[in-house]
Amino acid sequence: MSTTSPVRPAAPIVVQLLEAPFQPLERLAAWQRSLAAEGPDATSSAAESHFIGRVRPTTAAGEPLEALELEHYPGMTEAQLRSLAEACAARHGAGAVLVAHRVGRVRPGEAIVLVAVQADRRGPALRCVQELLEDLKHHAPFWKREWSGGRGTWVAGNTPL
Amino acid sequence: MSTTSPVRPAAPIVVQLLEAPFQPLERLAAWQRSLAAEGPDATSSAAESHFIGRVRPTTAAGEPLEALELEHYPGMTEAQLRSLAEACAARHGAGAVLVAHRVGRVRPGEAIVLVAVQADRRGPALRCVQELLEDLKHHAPFWKREWSGGRGTWVAGNTPL
Amino acid sequence: MTHPSVPPVHVRLFAGLREQAGWGERLIQLDARPGAQRTTAADLWRQLALDGGPGEEGAELPATVRVAINQAFAAPDSPLSPGDEVAFLPPITGG
Amino acid sequence: MTHPSVPPVHVRLFAGLREQAGWGERLIQLDARPGAQRTTAADLWRQLALDGGPGEEGAELPATVRVAINQAFAAPDSPLSPGDEVAFLPPITGG
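Residue numbers (the numbering used here), protein chains in the order written: chain A, 9 to 169; chain B, 9 to 169; chain C, 93 to 187; chain D, 93 to 187.
Because the hints were derived from the structure by calculation, they are not lab data.
There may be inaccurate statements among the hints.
Selected chain A positions facing chain D (in silico; Cβ < 7 angstroms) [what the hints assert, rightly or not]:
(1) P20
(2) V23
(3) Q24
(4) L33
(5) L43
(6) K152
(7) W162
Going by beta-carbon spacing under 8 angstroms, a handful of chain B positions derived as facing chain A [unchecked claim]:
(8) A55
(9) Q138
(10) L141
(11) L169
Simulated DEER-style distance windows between Cβ atoms [unchecked claim]:
(12) B:L169 / C:R130: 38 to 44 angstroms
(13) B:E34 / A:H146: 31 to 37 angstroms
(14) A:E71 / B:A164: 45 to 51 angstroms
Each residue gets a CB set at the ideal place from its N, CA and C atoms; glycine is no exception.
Working from the sequences, and respecting the hints, build out all of it.
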C-alpha cells in the first residue's frame, strides 16, 4: 500500500564455530527467539528448513571410530561460512540463515554441522539448506581426521551425497 | 561380517494430527528421544532434515488473515499421511519419518506442518523431506479456508513452491 | 424400489463441495435389482446432481474432484458395492 | 640477500600438508631486489619443496591444493606482496 518500494534488507546470517558438543534443537530454539525478537515478520518465516549432520560410528574403512578431529583455518573459515551463507541467501531470497559447525574432537553420534534457513516459501528454504550444505563441504576450510585404534587418518574426500 | 544378509526393517513412521498449537522443536526433541530409546543406531541418523511450515499473516488476496481453518477426512488423512511417508522412506532408504499437521483453526505465525527425516546420508534425508512435503500437499486430504473480515474463503490451490 | 436388506452406500462431501451441496453425509441405496448395471462413483455424482441444481440430473464429475472409496483414492468409474463409503474430494490444499 | 626492511610473507599449511612438511607456519622473505620477478604462490610451493624431499627444488603445485592469500581463495599464479599471508589448503572435507 506504500508508494515507496521497500528495500529488502540483507538476510541476518549467524555463523558459529563450536569447540564443545552442542544440542542442535537448543541452537535452533535460540536462533528462532533471536529472529522473533528482531520483529514479528511472520511472512519471511512461513517456511523453515534444517539439516543436522552427526558423526558416524565407523571410519570410511569400516573400523570403529573413536573420534573425528576437525581442523579449520581460524579467521578464514568463519569468513568463508559467512560469505557462502550470504551468497546462498541472496540467490534464493532467503530471510535468515544459521550455520553451526564443530571444530576439534567430535565423538560418534555428536552433531558436527547444523544449517537452518527461514524463507517466505518452502522452495527457497529447502534449496538454500541443500546448497549451503554442499557449498560448505567444498569451500569452507575444514579438514577431518578419523581416529581409530589410536591412529589418526586424514579423510581424503567428502562422503557421497 | 555376518553371513546372513540383514533385512532392513521398515522405517518407523510417526504421524500426528494436532488440534491445538504445537512447538515444532519440542516435537522434534520428543521424536529424537523416542528414536534414541529404540536403540543407539547412530549410523541411520547421521543425517537429519526438517521442514516447518507456518501460517502467513495475509490471505492469498493480500488481506489480513484472522485464521486458517483446516478441514480433513478423519481416518483417511492419517492413513494417507502414513502411506505417503512409508513410500517416501522406502524410495530413499530413509531411517525414520515424522509428520505432524495441524487441523482446525490455525492462527498466523503458528506452525501448520512439520516434516522430519533421519537417514544415513544427507541426500536421502534432504530429498525425502522435500518430496514428502510435496506429496502431502497434493495427496493427503486437507482443505484450507482463509478467514478474513469475518468471511471464510476456501483456498483454490497450493502456494507455489 | 428399495431393498432394505442391502446396506446403503455412505456418501461424504468435503470443504467447498459440502457447502455447495448443503450436506456432508448421506446414505444412498444402490439399485440392487438383479441384472441392474452396478453404480459407479461418477454415476452417483450425476444422480445426486452434485454439480447442478437440485432435483435434476447433474453434470459430469469434474476432473478436479477426486474420488475415495473406503478411504482410499479410487477411479471415478469404479463400481460401488453395498456398504461402501464413497467420498468426493475437492482439490487438496494441505501443508 | 635479505632485505630486513621489507615484511616477510607468512606461509601456512594445514592438515595433511602440515604434517607432511613438518611445520605449519613460516615467515619467508620474498626476493625484493629491484627488477626481480614477483614471487607467486606456486613459486613458493616449489621453492619450499612442499611436495619434494628437503633441500631440493620441489614439484609443481598439485591441482588438488588450493591457495588462499590473506584468507581468501586466490589463483596459484597470483603475485605475492610483502606482508601477505599465503596458505596452502589440501582438499576440504568439512560438513
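Here's how the hints hold up against the structure:
Contact between A:P20 and chain D, as hinted, is not supported at the beta carbon level, the nearest pair being about 22 angstroms apart and thus beyond 7 angstroms. Contact between A:V23 and chain D, as hinted, is not supported at the beta carbon level, the nearest pair being about 13 angstroms apart and thus beyond 7 angstroms. Taken as an interface hint, A:Q24 does not check out: its beta carbon lies about 14 angstroms from the nearest beta carbon of chain D, beyond 7 angstroms. Evaluation of the A:L33 hint against chain D yields a violated restraint, the C-beta minimum of about 19 angstroms exceeding 7 angstroms.
The restraint placing A:L43 at the interface with chain D is violated, with a minimum CB-CB distance near 23 angstroms, outside the 7 angstroms limit. Taking 7 angstroms as the C-beta cut-off, the interface hint given for A:K152 holds, the closest approach to chain D being about 5 angstroms. With a cut of 7 angstroms, the hint placing A:W162 at the interface with chain D holds, because the nearest CB-to-CB distance is about 4 angstroms. Because the smallest distance between the Cβ of B:A55 and any Cβ of chain A comes to about 6 angstroms, under 8 angstroms, the interface hint for this residue holds.
For B:Q138, the interface hint holds, since its Cβ comes within 8 angstroms of a Cβ in chain A; the closest pair sits about 5 angstroms apart. Among the interface hints, the one on B:L141 holds; its C-beta lies about 6 angstroms from the nearest C-beta in chain A, closer than the 8 angstroms criterion. For the restraint placing B:L169 at the interface with chain A, the shortest Cβ-Cβ distance is roughly 4 angstroms, inside the 8 angstroms limit, so the hint holds. The hint said 38 to 44 angstroms for the Cβ distance between B:L169 and C:R130, and at roughly 41 angstroms that hint holds.
Hint check: B:E34 to A:H146, Cβ distance near 34 angstroms, so the stated range 31 to 37 angstroms holds. At about 57 angstroms, the beta-carbon gap between A:E71 and B:A164 misses the expected band of 45 to 51 angstroms.
Checked against the numbered hints listed earlier, the structure breaks hints 1, 2, 3, 4, 5 and 14; every other hint is satisfied.
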